[in-house]
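Asks: Listed here are the chains, written in short residue letters.
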Amino acid sequence: MSLRIVVTVKYVPDATGDRHFADDLTVDRDDVDGLLSELDEYAVEQALQISENSDDDVEITVLTVGPEDAKDALRKALSMGADKAIHVEDDDLHGTDAIGTSLVLAKAIEKAGYDLVISGLASTDGTMGVVPALLAERLGVPQVTLLSEVSVEGGTVKGRRDGDAASEQLEASLPAVVSVTDQSGEARYPSFKGIMAAKKKPVQSWDLSDLDLEAEEVGLEGAWTAVDSATERPARTAGTIVKDEGEGGKQLAEFLAGQKFI
Amino acid sequence: MAEVLVFVDHVDGAVRKPTLELLTLARRIGEPVAVALGPGAENTAAALAEHGATRVLTSDASEYADYLVVPKVDALQAAVAAVSPAAVLVPSSAEGKEIAARLALRIGSGIITDATDLEAGDEGPVATQSVFAASFTTKSRVSKGTPVITVKPNSAAVEAAPAAGAVEALAVTFSAQATGTKVTGRTPRESTGRPELTEAAIVVSGGRGVNGAENFAIIESLADSLGAAVGASRAAVDAGWYPHTNQVGQTGKSVSPQLYIANGISGAIQHRAGMQTSKTIVAVNKDAEAPIFDLVDYGVVGDLFDVVPQLTEEINTRKG
Ligand SMILES: Cc1cc2nc3c(=O)[nH]c(=O)nc-3n(C[C@H](O)[C@H](O)[C@H](O)COP(=O)(O)OP(=O)(O)OC[C@H]3O[C@@H](n4cnc5c(N)ncnc54)[C@H](O)[C@@H]3O)c2cc1C
Ligand SMILES: Cc1cc2nc3c(=O)[nH]c(=O)nc-3n(C[C@H](O)[C@H](O)[C@H](O)COP(=O)(O)OP(=O)(O)OC[C@H]3O[C@@H](n4cnc5c(N)ncnc54)[C@H](O)[C@@H]3O)c2cc1C
Chain A
0 MSLRIVVTVK
10 YVPDATGDRH
20 FADDLTVDRD
30 DVDGLLSELD
40 EYAVEQALQI
50 SENSDDDVEI
60 TVLTVGPEDA
70 KDALRKALSM
80 GADKAIHVED
90 DDLHGTDAIG
100 TSLVLAKAIE
110 KAGYDLVISG
120 LASTDGTMGV
130 VPALLAERLG
140 VPQVTLLSEV
150 SVEGGTVKGR
160 RDGDAASEQL
170 EASLPAVVSV
180 TDQSGEARYP
190 SFKGIMAAKK
200 KPVQSWDLSD
210 LDLEAEEVGL
220 EGAWTAVDSA
230 TERPARTAGT
240 IVKDEGEGGK
250 QLAEFLAGQK
260 FI
Chain B
0 MAEVLVFVDH
10 VDGAVRKPTL
20 ELLTLARRIG
30 EPVAVALGPG
40 AENTAAALAE
50 HGATRVLTSD
60 ASEYADYLVV
70 PKVDALQAAV
80 AAVSPAAVLV
90 PSSAEGKEIA
100 ARLALRIGSG
110 IITDATDLEA
120 GDEGPVATQS
130 VFAASFTTKS
140 RVSKGTPVIT
150 VKPNSAAVEA
160 APAAGAVEAL
170 AVTFSAQATG
180 TKVTGRTPRE
190 STGRPELTEA
200 AIVVSGGRGV
210 NGAENFAIIE
220 SLADSLGAAV
230 GASRAAVDAG
240 WYPHTNQVGQ
250 TGKSVSPQLY
260 IANGISGAIQ
270 HRAGMQTSKT
280 IVAVNKDAEA
290 PIFDLVDYGV
300 VGDLFDVVPQ
310 LTEEINTRKG
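Which chain is which? The protein sequence lines are A and B, in order.
All residue numbers for the first sequence refer to numbering that gives the first Met the number 0, where the first residue is 0 and numbers rise by one.
All residue numbers for the second sequence refer to numbering that gives the first Met the number 0, where the first residue is 0 and numbers rise by one.
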């Protein structure tokens, strides 16, 4: 038996950098360094753990849709221990929305072949948290999402989903789409050996024609949503800051009373 | 006037506040028609009518509880087919976003998530979003199909606007995918008696500076003196001092209360992502250089073990 896992990983602008929009109201990727979305490291980690806990032959492919530099995200995932990588790269992808991204990812996943797809809970830039559900809908397979615990055995995936009202145990047959949260377990750091090995691992590049997609189906033109304006939030006006010299709590109470909170 | 579908978030018939807020927003773009699913669906009608729902479409089937997400998508799709709405509004919970996304794809529509405001525009509803850890505000539209928009809690005032709220049964045929993911067990979360984090008007949070699970009692006492919800930073949650469900930030809850009090929290970008839109921000931190002080309306540089108990006592005294 073998198990083919595809992990979707996004290349995102560093959240600690000065993220902003370009003139066409898409994310300006030139000014800020990019990296593998930290939340997707948890997806890679769970794929590696499933592989380590499995008697089957497990092959882990990491997949990204993004610009040239997105290869960095793939390298990071490969150095953590994934086996191979697919980079979907095409100028016409610039400005793709969530619906379009899920189309490209689904086509690539089908072309690659899969038993299990693992995604992060949300990207750290768009933060929509919808791509895994969209992938399940497109692929026509169960979604087992937002898991803080996941296991695969005998063609079944099980997991725990911690919601607001309850914690749920979930179960589905493979093939399936899973997403994992940052509660699923700390992601490992790539070892030196892992980093060296990653350099030799195969990275395939596909463009839209490899996926039988037309330019009109994706990109800014093909997007089903439109951003009309983006304005920087005005900096908050400097507040009052006091040093506690024994009366700090009382002074704060006075402020809160003045604001009618007490 | 065009009808607008509002997906109802309720627990056994008790409608949660974000849904009532959606009814306020829905009235700006049309006549709200509510869709309530699962046990107690019909009992939601009174509250929904009180807040402007002209009709309440209900469906109760065991599938909604026994299987994940898809049965609800099937129901909402049936409602879209029956009503031909001008837009579909869904509360921005994790599940709400998943339902909205699958629905949007099925009906050939674009989707906007986490809107913080909504108004009518010449080319359909215009949604405000707060992005990049709330450092930018965008205005967006769905440009194809029936707009599907998820809206964050605290995005509008709850307004009474009595309407008919006529209950009608919604006929739902479940898809082949509906039974794909089985819910094999469910452990309900115990109620603390404190307000729901995302709905609370005041949130009192603790971070690494609280230094231990037992010390969270200090944070809870302050919260209780103000009738507030308790939040925590990821550092406090990861240390096991407080449950993950109380985490505020990018991978926790995003809150937008009238007042946010951060205690022993440095103000990392991922924490700010979840609280930066709070109306009034207060912090207690012993490090005068902590980035959280860039955000505050009022800050106290001091040891929280001195400042917080004194504050709590002063509030309790003033309340009499
Ligand atoms: C600030 C901002 C706001 C946006 N708002 C909207 C909006 O309202 N509507 C809309 O349709 N689009 C929107 N977009 C675009 C949207 O974020 C992208 O199209 C994106 O690739 C899909 O959504 P997400 O990144 O939010 O993914 P999420 O749904 O948050 O991502 C979940 C998981 O999906 C996988 N994934 C997502 N994207 C990729 C990728 N490119 N390659 C590989 N794996 C991936 C990852 O595993 C990730 O962890 C917005 C983008 C930004 C930057
Ligand atoms: C992908 C990703 C997602 C994340 N999501 C989240 C999230 O959702 N929420 C979140 O909070 N973080 C999140 N983080 C983590 C975030 O980057 C920070 O590590 C975290 O917010 C730090 O928590 P803290 O402020 O409690 O701790 P610290 O940064 O360690 O700050 C503790 C503060 O307490 C002060 N202090 C110490 N003792 C006292 C005392 N006695 N009295 C007063 N002050 C005292 C210190 O001066 C310091 O400023 C995320 C990180 C990543 C990479």
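No lab work stands behind these hints: they were computed from the structure.
A hint or two may mislead.
Unchecked claim - Cross-link-like lysine-lysine pairs, in silico, DSS-like; alpha carbons within 25 Å at most:
1. B:Lys-285 - A:Lys-249
2. A:Lys-83 - A:Lys-199
3. A:Lys-249 - B:Lys-318
4. A:Lys-106 - A:Lys-83
5. B:Lys-285 - A:Lys-242
6. A:Lys-259 - A:Lys-83
7. B:Lys-138 - A:Lys-259
8. B:Lys-181 - B:Lys-143
9. A:Lys-110 - A:Lys-200
10. A:Lys-70 - A:Lys-192
11. B:Lys-138 - B:Lys-285
12. A:Lys-259 - B:Lys-318
13. B:Lys-16 - A:Lys-259
14. A:Lys-157 - B:Lys-278
15. A:Lys-259 - A:Lys-106
16. A:Lys-110 - A:Lys-198
17. A:Lys-106 - B:Lys-278
18. A:Lys-249 - B:Lys-278
19. A:Lys-199 - A:Lys-70
20. A:Lys-106 - A:Lys-70
21. B:Lys-278 - B:Lys-16
22. A:Lys-242 - B:Lys-138
23. A:Lys-200 - A:Lys-70
24. A:Lys-83 - A:Lys-192
25. A:Lys-259 - A:Lys-249
26. A:Lys-198 - A:Lys-70
27. A:Lys-198 - A:Lys-83
28. A:Lys-242 - A:Lys-259
29. A:Lys-110 - A:Lys-83
30. A:Lys-110 - A:Lys-199
All values reported here derive from a predicted model rather than from experimental measurement.
Asks: Look at each hint and say if it fits the structure.
Replies: Verification of the supplied hints:
1. B:Lys-285 - A:Lys-249: At roughly 16 Å apart (the allowed maximum being 25 Å), Lys-249 (chain A) and Lys-285 (chain B) satisfy the hint.
2. A:Lys-83 - A:Lys-199: With Cα atoms ~10 Å apart, Lys-83 (chain A) and Lys-199 (chain A) stay inside 25 Å; holds.
3. A:Lys-249 - B:Lys-318: holds, 14 Å
4. A:Lys-106 - A:Lys-83: holds, 18 Å
5. B:Lys-285 - A:Lys-242: Holds, because 9 Å separates the two Cα atoms, which is no more than 25 Å.
6. A:Lys-259 - A:Lys-83: Cα-Cα ~59 Å, so violated.
7. B:Lys-138 - A:Lys-259: Distance of about 32 Å is beyond 25 Å: violated.
8. B:Lys-181 - B:Lys-143: violated, 33 Å
9. A:Lys-110 - A:Lys-200: holds, 19 Å
10. A:Lys-70 - A:Lys-192: Holds, at roughly 19 Å.
11. B:Lys-138 - B:Lys-285: Given pair Lys-138 (chain B), Lys-285 (chain B) is violated - Cα atoms ~39 Å apart, limit 25 Å.
12. A:Lys-259 - B:Lys-318: At roughly 12 Å apart (the allowed maximum being 25 Å), Lys-318 (chain B) and Lys-259 (chain A) satisfy the hint.
13. B:Lys-16 - A:Lys-259: Between Lys-16 (chain B) and Lys-259 (chain A) the Cα gap is close to 23 Å, so the pair holds against 25 Å.
14. A:Lys-157 - B:Lys-278: violated, 41 Å
15. A:Lys-259 - A:Lys-106: Violated, because 56 Å separates the two Cα atoms, which is more than 25 Å.
16. A:Lys-110 - A:Lys-198: holds, 24 Å
17. A:Lys-106 - B:Lys-278: violated, 44 Å
18. A:Lys-249 - B:Lys-278: holds, 22 Å
19. A:Lys-199 - A:Lys-70: holds, 14 Å
20. A:Lys-106 - A:Lys-70: holds, 19 Å
21. B:Lys-278 - B:Lys-16: holds, 19 Å
22. A:Lys-242 - B:Lys-138: violated, 40 Å
23. A:Lys-200 - A:Lys-70: holds, 12 Å
24. A:Lys-83 - A:Lys-192: Between Lys-83 (chain A) and Lys-192 (chain A) the Cα gap is close to 16 Å, so the pair holds against 25 Å.
25. A:Lys-259 - A:Lys-249: holds, 15 Å
26. A:Lys-198 - A:Lys-70: holds, 11 Å
27. A:Lys-198 - A:Lys-83: Distance ~11 Å between Lys-198 (chain A) and Lys-83 (chain A) Cα, so the pair holds.
28. A:Lys-242 - A:Lys-259: Cα-Cα ~23 Å, so holds.
29. A:Lys-110 - A:Lys-83: Answer holds: Lys-110 (chain A) to Lys-83 (chain A) is near 14 Å, not above 25 Å.
30. A:Lys-110 - A:Lys-199: holds, 23 Å
The structure fails to meet hints 6, 7, 8, 11, 14, 15, 17 and 22 from the earlier list, while all remaining hints are met.
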